[in-house]
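Visitor: The whole structure should be built from the sequences, with the hints applied where relevant.
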Amino acid sequence: MSLEIAFMQLFNGVSLFTILLLMALGLAIVFGLMGVINMAHGELMALGAYVTYLTALAFQAVAPGAMEIYLFVAIPMAFGVTFLFGYVLEKGFICWFYNRPLDTLLATWGLSLILQQAYRSIFGAQEVSVPLPTWLTGAWEPVDGIQLPLNRIFIIGLTIVVAVSVYLLLYRTRWGLRMRAVTQNRAMSAAVGIDTKKVDARTFALGSGLAGIAGAVFTMVGSTNPGTGQLYIVDSFIVVVFGGVQSLIGTVMSAFAIAQTQTSLEYLLSGSLAKATILLLVIVVLYFRPNGLFAVKQRS
Amino acid sequence: MSASMQMARDPEQELSIRNENVASEETFRVEDLSVSFDGFRAVDNLCLSVAKNELRVIIGPNGAGKTTLLDMICGKTRPTEGKVIFDGEVVSGLPEYQIVKKGIGRKFQTPSVYEDLSVFENFEISMPDAQGVLDSLFFKRDEAIRERVSRAAAEVFLADQLHRKAGTLSHGQKQWLEIGMLLIQEPRLLLLDEPVAGMSPREREATAELLTRVANGRSVIVIEHDMDFVKRIAHKVTVLHQGRLLAEGSADEIQSNPKVIEVYLGH
Amino acid sequence: MKLTREATEYLTVGLLAAVLLAFTMTLDPFRLNNVGKYLSFGFVAIGIVLTWGYGGVLSLGQGIFFGLGGYMMAMFLKLEASAPELPDFMVWSGIEALPVWWEPFYSLPITLVLIHLIPAVGAYLFAYAIFRKRVSGVYFAIVTLALAMTMTVLIVGAQSTIGGANGITDFRTFLGMDIVDDASKMVLYVLQVLVLFTVMLAALKLTNSRLGKILIAIRDKEDRVRFSGYNTAHVKAAVFALAAVLSAMGGAFYSLQTGLIAPSLIGVVASVEMVIYAAVGGRLSVPGAVVGAILIGFLKSYLSETFPEYWLYFLGSIFIFVVLFMPKGLAGFFDRLRVGRALGGEAR
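Taken in sequence, the protein lines are chains A, B and C. Just so we're aligned, residue 0 is where the first sequence starts under numbering that gives the first Met the number 0, counting upward by one. Just so we're aligned, residue 0 is where the second sequence starts under numbering that gives the first Met the number 0, counting upward by one. Just so we're aligned, residue 0 is where the third sequence starts under numbering that gives the first Met the number 0, counting upward by one.
The set of hints was computed from the structure by calculation and includes no laboratory data. Do not take every clue at face value.
Stretches of chain A that chain C covers, calculated by requiring three or more beta carbons in the stretch to come under 8 Å of a beta carbon on chain C [stated by the list, open to error]:
| # | segment |
| --- | --- |
| 1 | 234 to 246 |
| 2 | 257 to 271 |
| 3 | 275 to 283 |
Just so it is clear, CB atoms sit at the ideal spot from N, CA and C, and this is done for glycine as well.
Guide: This is how it looks when you write it as structure tokens:
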């Protein structure tokens, strides 16, 4: 294998890593921290993608000259809309299912079907896609033979910003402290005067908003259809479970490990065989470390 | 030495004194037992031995490692170091169900019964018969089974509750049911984690008698907080503190032990 | 007249079988064939009642075993349909010799044995390993979901040897008997109802035995069961294997009834849908599972043809409604009627 190929492999791995991480980050909060198994998480990503699509349409109609920068509006919009949607969802739906994980699973699956059909009714069954700003088309060629697509570089940068923000929010603010307190010991948090219901709703909304960002980003690498979310949901869960559900760092490491392995395997095997191998590998590793790769042993 | 410490006790304990004298051989022992959780040693180098017919009470402040110790004896938690020896055989490392089959029974801190099944069915499932898949599929409930269930139920004061759903029993009755479910397995070592928690004074009284009775012919380890109750049942008391053995002796000795007093009252 | 719960269950199963047989006289062959298709999922749903309703183990991968059964049966039928040539999709992909693992499916007895054996052994080994490691609840559901996805990804990727995304189709004979004509469809349907009836009786026997009680105990307090001396991983894995065999039987009947098996019928979406059959009928009710499968199957055909835009809204709402308001499904509803009437009778 030549040096160029090796480098491109690495870049592809990193690129896939950031996409997996974006997908999984919201779920790591909703499922990992809160323990809510939201099977409609993929549809929240699709929502983010559709919001991005609508923003692009709006820019085209109102300010075609500003198309170059619409992403900087679309991404916060995607976050904001899914955040709000998540907030309402928690208040009106998820809150009925706490401590009934398998019921939550089935009910949110039902919700995901309803959302898919809603997207189909509103946006049609066909794929929609958004134009890529010119400054994101093409590739950066640092040396001959190595071409790094600009949109991928943008996604890598954005993921770093998002991941660091989430980290700072959770570990460096009072908001994050409350969130962690409630997810670790609900009764005690309530006793010291934290409004746990409000924190639940906000935490869920944050996780949903992150799914929205992921959805916005996916419009840069592919098109969106009503079933898009369903494609991502299993992968997202795999990343979170593989990393050890209680640990955000675990999610990061797990996304990295899966991405690098998958891109390497794809180089050697056909796409579907690589995908199947990675799923089986994850299951095998989980067999030896049932609490995830990075879980901490705790007393029961 | 332990026999002499029992002498000063009230006459009700005569039975257990006799037991102490008969018991020369130890049935159960842990050696240098330790377990760490993420670097924190919950139980640290603990040695303990319990004789046949002995009722041992383990006390200690919260986080002393009492429940963790029981978890390790019955196989729920794997020790990081050390061994659990029962009847001369190392049982640590075996799967839980095999440890049970060796004759060790465990009652959990919160009463753990099958709420959707009747009291009768709770007993029946706990019987060590027909535990395989096919055996249990073709299992027939016969007169002998009914007889054994009613005997066990009578022993734990539930003779007239057999057809109620276990979920509808009072808290104290659930505690009794769980003890009864263990007794029907005829274990030789019984581990009871706070068996009288949530019981009324009358229920406690009955339980004290029950425990004294069941200790006859086997070894019993009880975790308990209430010193009056401890004094009522214990042949010997072990005090744990921060995962280590702090003191061992009769209830009276323990109560006047300065180290113990400091741990409970000091700081 | 007062009936015990157990007697009511056996009576319901008998009635259900009688109604299903009566369909042969009232329904036209096309509809009868449709009912046969729904009944294939009834097998799966019974398995889900046993593992989920009783054992508390929710598998979102029953499509895997449905697929194993369906594909193995389809492979046998396809070989018969293509003989002496290779199956058409292999010819199109330029495959020149039959892959070795197709060879056993020339023989019907071997096919039938494998349809039961492979899911049983595979499911048991997989589940025992997982349960021994204390993976349960949501995690087990996710792992099975991932396996269902793996299986479809593999099949879709194997266009040349197993038919890829199109699945296996175009087979019309079973041991030389035309399976498309009305008379043989009737025979097939009656055979399926009889097998299903036997399966329902066996499942009732199981749920009413000591094993059924043990499963409930494991579902509610697994630790207590483990510390009563049971190897709970073994018990759960055995029931999971049984459910896998039932799913495979359903899959085999599905291939026979519809002349088609494809990855979309066994993937993630289809697998989760199978759970709702059991949930609608009642996760604790064997006949309920079959009724749920027929009901949802019928509504799916009807709604997705008549009002295609409403089908997913409806199915999604069913998931939510059943979980929120009917945790015991239709069976729970009828159970309450029965108990209510019995109590009313006593009061009078």
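Visitor: Hint by hint, note whether the structure agrees.
Guide: Hints versus structure:
| no. | hint | in the structure |
| --- | --- | --- |
| 1 | 234 to 246 | holds (count 3) |
| 2 | 257 to 271 | holds (count 3) |
| 3 | 275 to 283 | holds (count 5) |
Figure legend: structure checked against the earlier numbered hints; every hint is met.
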